[in-house]
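Undergrad: Given next are the chains, with one letter for each unit.
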Amino acid sequence: MFDWLQHFADWLIYTVFNVGQETHLGTALNFFVYDTLKILILLFFVVFIMGIVNAYFPVERLKNYLNKKKLYGLEYFFSSVFGAITPFCSCSSVPLFIGFVQGGIPLGVTFSFLITSPLVNEVAVAMFLGMFGIKATLIYAVSGIILGTIGGWLLGKFNLEPLLSDWVKKILENKMQHGKFEEVKQTFYQRLPEISRGAWDIVKGVLLYVVIGIAIGAAMHGYVPENFFNTYLGGGQWWTVPLAVLVAVPMYANAAGIVPIIQVFVAKGVPLGTAIAFMMATVGLSIPEATLLKKVMSLKLIAIFFGIVTLCIMISGYLFNLIL
Amino acid sequence: MSKVIKILGTGCPKCQSMTGVVQNVISENNIDATIEKVEDIMEIMKYNVMTTPALVIDDVITIKGRVPSKDEVLALLN
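Here the protein sequences come in this chain order: A and B. The opening residue of the first sequence carries number 1 in full-length UniProt numbering; numbering runs sequentially from there. The opening residue of the second sequence carries number 1 in full-length UniProt numbering; numbering runs sequentially from there.
Heads up, a few of these hints could be off.
[Claimed, not checked] Derived Cβ-Cβ restraints for the label pairs, each shown as a range:
{"hint": "1", "chain 1": "A", "residue 1": "I41", "chain 2": "B", "residue 2": "N78", "range": "32 to 40 Å"}
{"hint": "2", "chain 1": "B", "residue 1": "E43", "chain 2": "A", "residue 2": "P162", "range": "23 to 31 Å"}
{"hint": "3", "chain 1": "B", "residue 1": "K46", "chain 2": "A", "residue 2": "I212", "range": "50 to 58 Å"}
{"hint": "4", "chain 1": "A", "residue 1": "L243", "chain 2": "B", "residue 2": "K70", "range": "44 to 52 Å"}
{"hint": "5", "chain 1": "B", "residue 1": "E39", "chain 2": "A", "residue 2": "D10", "range": "23 to 31 Å"}
{"hint": "6", "chain 1": "A", "residue 1": "N159", "chain 2": "B", "residue 2": "S2", "range": "44 to 52 Å"}
{"hint": "7", "chain 1": "B", "residue 1": "E43", "chain 2": "A", "residue 2": "G205", "range": "25 to 33 Å"}
{"hint": "8", "chain 1": "A", "residue 1": "G205", "chain 2": "B", "residue 2": "T34", "range": "24 to 32 Å"}
{"hint": "9", "chain 1": "A", "residue 1": "A303", "chain 2": "B", "residue 2": "M42", "range": "18 to 26 Å"}
{"hint": "10", "chain 1": "A", "residue 1": "K170", "chain 2": "B", "residue 2": "N78", "range": "23 to 31 Å"}
{"hint": "11", "chain 1": "A", "residue 1": "A303", "chain 2": "B", "residue 2": "K46", "range": "26 to 34 Å"}
[What the hints assert, rightly or not] In silico negatives: residues of chain B with every beta carbon more than 10 Å from chain A:
{"hint": "12", "residue": "S27"}
{"hint": "13", "residue": "D32"}
{"hint": "14", "residue": "A33"}
{"hint": "15", "residue": "K37"}
[What the hints assert, rightly or not] Non-contacting residues of chain A with respect to chain B, defined by C-beta distances greater than 12 Å in every case (computed):
{"hint": "16", "residue": "H7"}
{"hint": "17", "residue": "W11"}
{"hint": "18", "residue": "G20"}
{"hint": "19", "residue": "A55"}
{"hint": "20", "residue": "P95"}
{"hint": "21", "residue": "N159"}
{"hint": "22", "residue": "I171"}
Calculated directly from the structure, the hints in this document are not laboratory data. Even for Gly, the Cβ is constructed at its ideal location relative to N, Cα and C.
Please construct the entire structure, taking both the sequences and the accompanying hints into account.
TA: This is the structure we're talking about:
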């Protein structure tokens with residue numbers, strides 16, 4: 001599918017810039033040009049398709065669906081799927097959280113949404129698709145959704161309501177007035193220009209991270225010896241998964257910047273499961289997110305939330321390494 | 001009559017670009033309106049929106065969760 005792009009990169013680097021095909025610099029530059037262009041094209045299309053999906057499933061509709069239907073335990077799964085298809089913006093996580101809880105959706109189900117929303121997002125999916133192919137992308141997305149389902153269900157088992165901030169509890173007690181909402185109805189074709197503009201905005205927003213991430217990845221590709229990480233992180237050492245996850249939790253990296261670097265780690269001998277666990281911990285949990293959540297819940301609840309999700313990510317890391 | 005425009009958002013990039021669009025539309029078309037940015041999460045939740053940024057014109061929420069185009073804002077203000 002991207003053969004033409006490889007030809008273009010070969011031509012640009014080996015013919016136009018006349019950098020030797022056998023040199024480290026040549027391989028690294030070729031890798032950089034090819035990957036950057038491929039990722040940007042994929043990113044635009046994935047974001048565009050998500051934009052269309054979202055025009056039809058606005059989050060309010062999801063909330064009403066979760067609220068009205070009896071789902072016999074499947075509500076955790078649905079909430080997690082909704083989290084995956086909703087575009088994630090960290091600044092929306094608090095209003096979403098309150099909106100869900102206020103709408104009568106149990107805290108555990110809300111957590112399912114909150115776990116999957118940053119974990120499986122359009123940028124991460126596009127980056128995975130570009131760097132690891134369709135199989136790894138499916139594994140990542142499906143396991144992210146399962147993780148959100150199980151994590152939310154586990155959190156739902158605890159009695160967590162008393163650990164919410166006082167003002168959130170107040171909101172829950174007295175139902176607040178509904179905001180008056182009037183939106184001009186638009187047809188699908190009227191929305192298309194706006195959806196593509198939105199997709200372009202997102203691509204522009206992460207462009208810098210993609211370029212920096214791929215540049216570092218390309219440099220590492222050319223210079224780090226084959227199987228370099230095998231010696232340290234490869235093999236069956238049990239502590240590699242927890243270590244990777246614990247290092248990644250406080251880190252906050254854009255999926256766009258982190259995936260190209262992870263790809264090099266995998267190419268040089270780190271097991272894919274460990275890499276996926278690292279990636280999940282990086283994008284799923286972070287200090288900035290904790291700071292935002294501090295406004296709606298107590299530190300203790302944040303600690304329980306982060307603890308359970310960290311544990312789930314570690315377990316899935318081991319599972320991946322076993323099956324993959 | 002002067003319109004009261006409120007932009008609800010906790011200060012993310014999308015909220016800032018919405019403010020930019022609205023400001024442009026107002027100054028380019030000489031519309032009599034005041035813009036107020038609502039950044040406090042407790043205030044935002046009073047409007048019962050779940051996705052930011054949201055555009056509120058004379059206490060009616062007109063757009064939520066996305067950045068509108070200039071034409072759209074102009075149509076809403078007229």
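Undergrad: Okay, I41/A versus N78/B on CB: inside 32 to 40 Å?
TA: 39 Å, holds
Undergrad: Does the claim that N159/A lies outside the interface with chain B hold up, using a Cβ gap greater than 12 Å?
TA: 24 Å, holds
Undergrad: Look at the Cβ atoms of A303/A and M42/B and judge whether their distance stays inside 18 to 26 Å.
TA: For M42/B against A303/A, whose Cβ atoms are near 23 Å apart, the range 18 to 26 Å holds.
Undergrad: Evaluate the given range 44 to 52 Å for the C-beta pair formed by N159/A and S2/B.
TA: 50 Å, holds
Undergrad: Holds or violated: is the Cβ of W11/A farther than 12 Å from all Cβ atoms of chain B?
TA: 37 Å, holds
Undergrad: Starting from the range 23 to 31 Å, see whether the pair E43/B and P162/A falls in it by beta-carbon distance.
TA: Cβ of E43/B to Cβ of P162/A: about 25 Å, so the range 23 to 31 Å holds.
Undergrad: Does the hinted range 24 to 32 Å hold for G205/A and T34/B at CB?
TA: At roughly 29 Å between Cβ atoms, T34/B and G205/A fall inside 24 to 32 Å, so the hint holds.
Undergrad: Confirm or reject the claim that L243/A and K70/B have a C-beta distance inside 44 to 52 Å.
TA: Cβ of L243/A to Cβ of K70/B: about 50 Å, so the range 44 to 52 Å holds.
Undergrad: If you check the beta carbons of K46/B and I212/A, does the distance land in 50 to 58 Å?
TA: With a Cβ separation near 40 Å, K46/B and I212/A fall outside 50 to 58 Å, so the hint is violated.
Undergrad: Was P95/A rightly flagged as not at the interface, with every chain B Cβ beyond 12 Å?
TA: 5 Å, violated
Undergrad: Can the suggested window of 23 to 31 Å be confirmed for the beta-carbon pair K170/A and N78/B?
TA: Roughly 39 Å apart at Cβ, these two residues miss the hinted range, so it is violated.
Undergrad: Check the following: the C-beta atoms of E43/B and G205/A are separated by a distance inside 25 to 33 Å.
TA: Check passed, 26 Å falls within 25 to 33 Å.
Hints 3, 5, 10, 19, 20 and 22, counting from the list given before, are not met by this structure.
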